[in-house]
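Visitor: Single-letter residue listing:
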Amino acid sequence: MAKITLSKLRHSYYPNPKTPDDYALKEIDLDWTDGGAYALLGPSGCGKSTLLNIISGLLVPSEGRILFDGQDVTELPPDKRNIAQVFQFPVIYDTMTVYDNLAFPLRNRGRDEATVRERVTAIAEMLELSDLLNRKAAHLSPDNKQKISMGRGLVRQDVNVVMFDEPLTVIDPHLKWKLRSKLKELHQRVRATMIYVTHDQTEALTFADQVVVMQEGEVVQIGTPVELFDRPAHTFVGHFIGSPGMNILPAEVSGGVSHFAGQAIPLEGPITAAPGARTEIGIRPEFVSLGLSGLPATVTKVSDVGRHTVVECEVAGSRVNAIVTGSGPEKGAMVQLEFRRDQTRLYADGWLASEAAEGAA
Amino acid sequence: MKTEYQKAWFFVLPVLVLVAFNALIPMMTVVKYSVQETFGDNLFFWQGLGWFEQILRSDRFHAALGRQFLFTFLILIIEVPLGIAIALSMPRKGFWVPVCLVLMALPMLIPWNVVGAMWNIFTLPDIGLLGYFLNHVMGINYDMTQDPLAAWITIVTMDVWHWTSLVVLLSYAGLVSIPDAYYQAAKIDGASNWAVFRYIQLPKMKTVLTIAILLRFMDSFNIYTEPFVMTGGGPGNSTTLLSIDLVKIALGQFDLGPAAAMSLIYFAITLLVSWLFYTLMTKDDQN
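Chains A and B, in that order, give the protein sequences. Reading the first sequence from the start, the letters are residues 1 to 361 in my numbering. Reading the second sequence from the start, the letters are residues 1 to 287 in my numbering.
Just so you know, these hints were derived from the structure itself, not from any lab. Values in this document were obtained by computation on a predicted structure and should not be read as measured data. Every residue, glycine too, gets a C-beta built ideally from N, C-alpha and C. Just to be clear, a hint being listed does not mean it is correct.
Capping the alpha-carbon separation at 30 Å, the derived lysine-lysine pairs in DSSO-like fashion look like this [unchecked claim]: (1) A:26 with B:32; (2) A:3 with A:26; (3) A:178 with B:32; (4) A:136 with B:206; (5) B:204 with B:93; (6) B:187 with B:206; (7) A:182 with B:7; (8) A:136 with A:182; (9) A:80 with B:248; (10) A:184 with A:331; (11) A:18 with B:93; (12) B:206 with A:26; (13) B:32 with A:80; (14) B:32 with B:93; (15) A:18 with A:8; (16) A:301 with A:331; (17) A:8 with B:187; (18) A:80 with A:182; (19) B:248 with B:32; (20) A:182 with B:283; (21) A:80 with A:3; (22) B:283 with A:80; (23) A:136 with A:184; (24) B:283 with A:176; (25) B:204 with B:283; (26) A:8 with A:80; (27) B:93 with B:206; (28) A:176 with A:136; (29) A:184 with B:206; (30) A:178 with A:3; (31) A:3 with A:136; (32) A:176 with B:187; (33) B:248 with A:136; (34) A:26 with A:80; (35) B:204 with A:3; (36) A:136 with B:32.
Label pairs and their calculated CB-CB ranges [unchecked claim]: (37) A:177 with B:14: 40 to 46 Å; (38) B:271 with A:175: 44 to 50 Å; (39) A:307 with B:183: 51 to 57 Å; (40) B:106 with A:177: 37 to 43 Å.
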């Protein structure tokens with residue numbers, strides 16, 4: 001196990017990248033502490049798989065270094081890095097039994113059969129595969145196959161990091177939840193550093209202690225699930241995390257006060273935006289309420305999602321979502337929206353540009 | 001419910017008629033000849049299983065059958081490993097893929113008798129490019145019209161040239177269907193190149209290889225045109241394979257009864273070996 005450091009990492013799939021757009025990864029500096037559970041979250045094509053393949057050694061980055069416990073491994077091939085990776089589609093060796101599949105990484109490294117037996121039995125027990133050990137792996141269900149892939153990663157005791165590349169894609173919905181809690185449990189038992197790549201916020205937020213949100217080859221925010229929800233550092237994070245995502249409204253700033261739809265909107269704290277920047281107000285639907293005063297709005301859609309109701313409104317051409325408990329107003333009704341002040345933030349060119357309220361975290 | 005699908009028979013009927021005329025009826029005619037003796041004028045005398053007994057006991061048949069198995073064994077043992085090796089070394093993506101595929105397909109597009117004629121001329125000692133080179137430049141005494149060994153080397157080489165591509169193309173199709181993740185996982189698991197071949201590539205190629213071997217077995221076991229054009233079964237009887245012998249008996253000696261019995265035995269052997277092979281290869285998948 002090791003601490004993983006990415007230093008000034010850049011990668012391009014073109015031989016001679018010129019503009020920043022040629023880079024699949026744009027300058028990443030990141031530390032993954034030993035034993036942490038991380039999620040790498042972002043939409044398809046944001047560079048998360050590229051980053052994963054660079055850490056595992058399947059790709060050599062165009063620029064920058066990767067250090068495991070301070071030791072440079074940038075040029076090392078995957079089998080020399082002592083890492084494990086679980087892929088989107090379960091990879092199993094068809095002709096082997098489950099036991100031989102799990103033993104494969106150990107046998108390739110020349111471990112003696114006694115050690116192999118001990119490790120394989122332990123891992124199979126952890127993954128609830130003990131009953132299947134003598135079966136051919138080829139005819140198992142996808143979730144069992146994926147468990148074997150995970151098992152092959154965990155069977156080596158000296159792995160520096162176990163990486164999961166959207167491992168639940170082909171798993172049935174009702175088994176996803178089971179496998180996810182299994183993973184979380186495994187992390188607590190083996191205490192290996194784990195990196196979980198996904199575009200599904202639920203998977204990321206339930207698995208990880210720290211979530212790394214990526215967009216277009218850049219890391220936009222690193223934080224605990226709560227931090228990402230409470231104070232998104234970028235409108236992308238606000239929008240991507242949450243259901244529905246954060247309301248992002250065009251704003252004008254004059255004299256230190258922000259305005260939206262002709263009204264002054266009080267913010268959580270002082271504005272730090274540079275003059276001339278494109279400014280937006282961000283507020284989560286959870287903190288928008290229907291009241292007697294505030295922004296006049298027209299209700300365009302009401303969806304009852306069970307525990308609460310999502311009310312979609314229109315204000316001066318912008319859409320504002322509000323989450324209310326109980327039944328919402330009728331479609332077409334005129335309502336007034338109130339924003340909770342300590343949750344109303346300002347973004348300049350996409351980045352957070354208001355200071356937290358006094359006394360707030 | 002059952003009557004609803006009766007219409008399907010009308011769609012199958014044309015095929016049945018066609019198969020009846022090009023396979024079933026001729027085959028039944030062969031069965032008819034195999035149990036009777038005829039002297040022309042459509043006069044038939046009942047013979048029973050006499051022709052079968054005669055063929056099965058004849059040394060000539062045993063010799064031809066032996067040569068046939070040797071030929072098929074030789075070309076399979078060369079073409080299958082060679083085909084896999086070529087498929088493994090072909091590029092998986094990029095500009096050279098279509099070039100390789102077309103080059104590989106070329107020999108298979110040439111008609112059988114042309115292949116025979118080409119190799120015949122190619123290996124003639126005095127005018128053939130290869131024959132002349134071997135005899136007059138390398139100083140090796142090589143003449144397939146005189147030397148049985150040279151004749152065998154020539155027909156085996158010719159078949160390898162003509163049909164290895166089939167194994168290559170089928171293996172290649174099996175190889176490209178393997179997702180990258182398998183190779184990446186194998187790298188991470190520390191697998192050697194041999195282990196990658198043994199546990200990933202070979203199992204994934206198994207189905208297509210079974211088909212390839214089956215096709216090559218049937219085709220080579222029934223081969224006629226190329227050796228006929230090239231050696232005519234000679235020198236002596238050294239390259240008289242089963243089909244060549246059969247034609248000699250049927251059309252050369254006009255012994256229709258024994259020829260018909262031999263055809264049926266020949267057919268039964270091909271069928272039996274194919275069935276055995278296929279059953280053994282797919283046995284694992286059932287349990």
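Visitor: Give a verdict on every hint.
Guide: Against the structure, the hints come out as follows:
1. Restraint check for residue 26 of chain A and residue 32 of chain B: the C-alpha separation of about 81 Å exceeds 30 Å, so the hint is violated.
2. A C-alpha spacing of about 22 Å is found between residue 3 of chain A and residue 26 of chain A, which places the hinted pair at or below 30 Å, so the restraint holds.
3. This hinted pair does not check out: residue 178 of chain A and residue 32 of chain B have alpha carbons roughly 68 Å apart, beyond 30 Å.
4. For the hint pairing residue 136 of chain A with residue 206 of chain B, the CA-to-CA distance comes to about 16 Å; that is within 30 Å, so the pair holds.
5. The straight-line distance between the Cα atoms of residue 204 of chain B and residue 93 of chain B is roughly 19 Å, inside the 30 Å bound, and the hint therefore holds.
6. Restraint check: the Cα-Cα separation between residue 187 of chain B and residue 206 of chain B comes to about 22 Å, which is no more than 30 Å; the hinted pair holds.
7. Between residue 182 of chain A and residue 7 of chain B the alpha-carbon distance is near 54 Å, which puts this suggested pair outside the 30 Å criterion.
8. For the suggested pair residue 136 of chain A and residue 182 of chain A, the alpha carbons sit about 23 Å apart, so the restraint of at most 30 Å is met.
9. Between residue 80 of chain A and residue 248 of chain B the CA atoms are separated by roughly 66 Å; this puts the pair beyond 30 Å, and the hint is violated.
10. Between the alpha carbons of residue 184 of chain A and residue 331 of chain A the distance comes to roughly 42 Å, so the proposed pair goes past 30 Å and is violated.
11. For the suggested pair residue 18 of chain A and residue 93 of chain B, the alpha carbons sit about 26 Å apart, so the restraint of at most 30 Å is met.
12. Only pairs whose Cα atoms come within 30 Å are accepted, and residue 206 of chain B paired with residue 26 of chain A is rejected, the gap being roughly 43 Å.
13. At most 30 Å may separate the alpha-carbon atoms for a hinted pair to count; residue 32 of chain B and residue 80 of chain A exceed this at roughly 72 Å.
14. The hinted pair formed by residue 32 of chain B and residue 93 of chain B fails the criterion: a straight-line CA distance of about 56 Å is larger than 30 Å.
15. In summary, the hint linking residue 18 of chain A to residue 8 of chain A is supported, as the alpha carbons are separated by about 17 Å, within the 30 Å threshold.
16. A threshold of 30 Å between alpha carbons decides the hint, and for residue 301 of chain A with residue 331 of chain A the separation of about 6 Å falls inside it, so the pair holds.
17. Among the hinted pairs, residue 8 of chain A with residue 187 of chain B is consistent with the structure: their alpha-carbon atoms are about 26 Å apart, no more than 30 Å.
18. Restraint check for residue 80 of chain A and residue 182 of chain A: satisfied, since their Cα atoms lie roughly 28 Å apart, inside the 30 Å limit.
19. Taken as a hint, the residue 248 of chain B and residue 32 of chain B pair is honoured in the structure, with Cα atoms around 20 Å apart against an allowance of 30 Å.
20. Of the supplied pair hints, the one linking residue 182 of chain A and residue 283 of chain B is violated, its CA atoms being roughly 36 Å apart against a limit of 30 Å.
21. For a cut-off of 30 Å, the pair hint linking residue 80 of chain A to residue 3 of chain A stands: about 16 Å separates their Cα positions.
22. Distance check on the hinted pair: residue 283 of chain B and residue 80 of chain A sit about 39 Å apart at the alpha-carbon level, beyond 30 Å; violated.
23. Distance check on the hinted pair: residue 136 of chain A and residue 184 of chain A sit about 27 Å apart at the alpha-carbon level, within 30 Å; holds.
24. A C-alpha spacing of about 34 Å is found between residue 283 of chain B and residue 176 of chain A, which places the hinted pair above 30 Å, so the restraint is violated.
25. At most 30 Å may separate the alpha-carbon atoms for a hinted pair to count; residue 204 of chain B and residue 283 of chain B meet this at roughly 16 Å.
26. Between residue 8 of chain A and residue 80 of chain A, the direct Cα distance comes to roughly 22 Å. Compliance with the 30 Å bound is thereby established for this hinted pair.
27. In summary, the hint linking residue 93 of chain B to residue 206 of chain B is supported, as the alpha carbons are separated by about 22 Å, within the 30 Å threshold.
28. Between residue 176 of chain A and residue 136 of chain A the alpha-carbon distance is near 23 Å, which keeps this suggested pair within the 30 Å criterion.
29. Between residue 184 of chain A and residue 206 of chain B the alpha-carbon distance is near 38 Å, which puts this suggested pair outside the 30 Å criterion.
30. Between the alpha carbons of residue 178 of chain A and residue 3 of chain A the distance comes to roughly 29 Å, so the proposed pair stays at or under 30 Å and holds.
31. For the hint pairing residue 3 of chain A with residue 136 of chain A, the CA-to-CA distance comes to about 37 Å; that exceeds 30 Å, so the pair is violated.
32. Simply put, residue 176 of chain A and residue 187 of chain B have alpha-carbon atoms about 27 Å apart, close enough for the 30 Å limit, and the pair holds.
33. Restraint check: the Cα-Cα separation between residue 248 of chain B and residue 136 of chain A comes to about 52 Å, which exceeds 30 Å; the hinted pair is violated.
34. Pair hint residue 26 of chain A plus residue 80 of chain A holds up; C-alpha atoms about 26 Å apart against a cutoff of 30 Å.
35. Between residue 204 of chain B and residue 3 of chain A the alpha-carbon distance is near 38 Å, which puts this suggested pair outside the 30 Å criterion.
36. Between residue 136 of chain A and residue 32 of chain B the CA atoms are separated by roughly 50 Å; this puts the pair beyond 30 Å, and the hint is violated.
37. About 55 Å separates the C-beta atoms of residue 177 of chain A and residue 14 of chain B, a value inconsistent with the hinted range of 40 to 46 Å.
38. Checking the proposed 44 to 50 Å range against residue 271 of chain B and residue 175 of chain A shows it holds: the Cβ atoms sit about 46 Å from each other.
39. A hinted range of 51 to 57 Å is violated for the C-beta pair residue 307 of chain A and residue 183 of chain B, which are about 46 Å apart.
40. Roughly 55 Å separates the CB atoms of residue 106 of chain B and residue 177 of chain A, a value that falls outside the hinted 37 to 43 Å.
When each numbered hint is compared with the structure, violations occur for hints 1, 3, 7, 9, 10, 12, 13, 14, 20, 22, 24, 29, 31, 33, 35, 36, 37, 39 and 40.
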